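Participant: Here is what each chain is made of, one letter per residue.
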Amino acid sequence: GAGVSQSPRYKVAKRGQDVALRCDPISGHVSLFWYQQALGQGPEFLTYFQNEAQLDKSGLPSDRFFAERPEGSVSTLKIQRTQQEDSAVYLCASSSRGQRTQYFGPGTRLLVL
Amino acid sequence: GDSVTQMEGPVTLSEEAFLTINCTYTATGYPSLFWYVQYPGEGLQLLLKATKADDKGSNKGFEATYRKETTSFHLEKGSVQVSDSAVYFCALSATSGSRLTFGEGTQLTVNP
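Protein sequence lines correspond, in order, to chains A and B.
Mind the numbering: the first sequence is residues 1 to 113 in this note's numbering, read in order.
Mind the numbering: the second sequence is residues 1001 to 1112 in this note's numbering, read in order.
Source of the hints: derived by calculation from the structure; they are not laboratory data.
Warning: the hint list may mix true and false statements.
Cross-link-like lysine-lysine pairs, in silico, DSBU-like; alpha carbons within 30 Å at most [to be verified]:
1) LYS1056(B) / LYS1068(B)
2) LYS1077(B) / LYS1060(B)
3) LYS57(A) / LYS11(A)
4) LYS1052(B) / LYS57(A)
5) LYS1049(B) / LYS1077(B)
6) LYS57(A) / LYS1049(B)
Computed from a predicted model, the values in this text were never measured in an experiment.
Extracted from the complex, chain A is given alone in its bound form (with noise of 0.2 Å):
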């Protein structure tokens, strides 16, 4: 396909584990996104990548989440030790050099219960 894919699109998960989300931005583009949406807000930043280096993870709210895209195309968002206060939508967006417009992805629901 020709749009950002993320998957997977809904993710339950018990308190305490593990999640990892992916990210398959459009084809080329160098910059990768994450945000978080919380339920009835706007997305709020978390990280960006150029290419594969991590350039900004300032908006990462805890050491328990991480990301990571190790060959400069897929990217993957790992909570650790998932809380309740983690549940929301979770964007990936991407852009092409030297562009400001960015492509979102359908976004994955996590709901930790």
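Position chain B against the provided structure of chain A, taking the given hints into account.
Facilitator: Just chain B now, kept in the frame of chain A:
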């Protein structure tokens, strides 16, 4: 830091009514401005954008003009349809490769 403020919602209109959703921003330099739309259960879709002062972005009957003097980027549509019902987000990007900063979103419901 950068910030975006949108008019509080929700907004409920009848079909064919005129729509305005206000958006103002605070940013250093010359940000790019965006409107994204989110339909239930979906991700964000780019609706329109403007990259410099006095630019007008337009798409699907929606328009917004980048007003630097008032730091605003209000979204307008002359005649809304039921299918326009969604949440609309105003956002800015300070530079290429930088994060988007979003407003809180405005829920629009259009009744037949």
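Participant: Going back to the hint list, which numbers does this structure go against?
Facilitator: Per hint list: zero violations.
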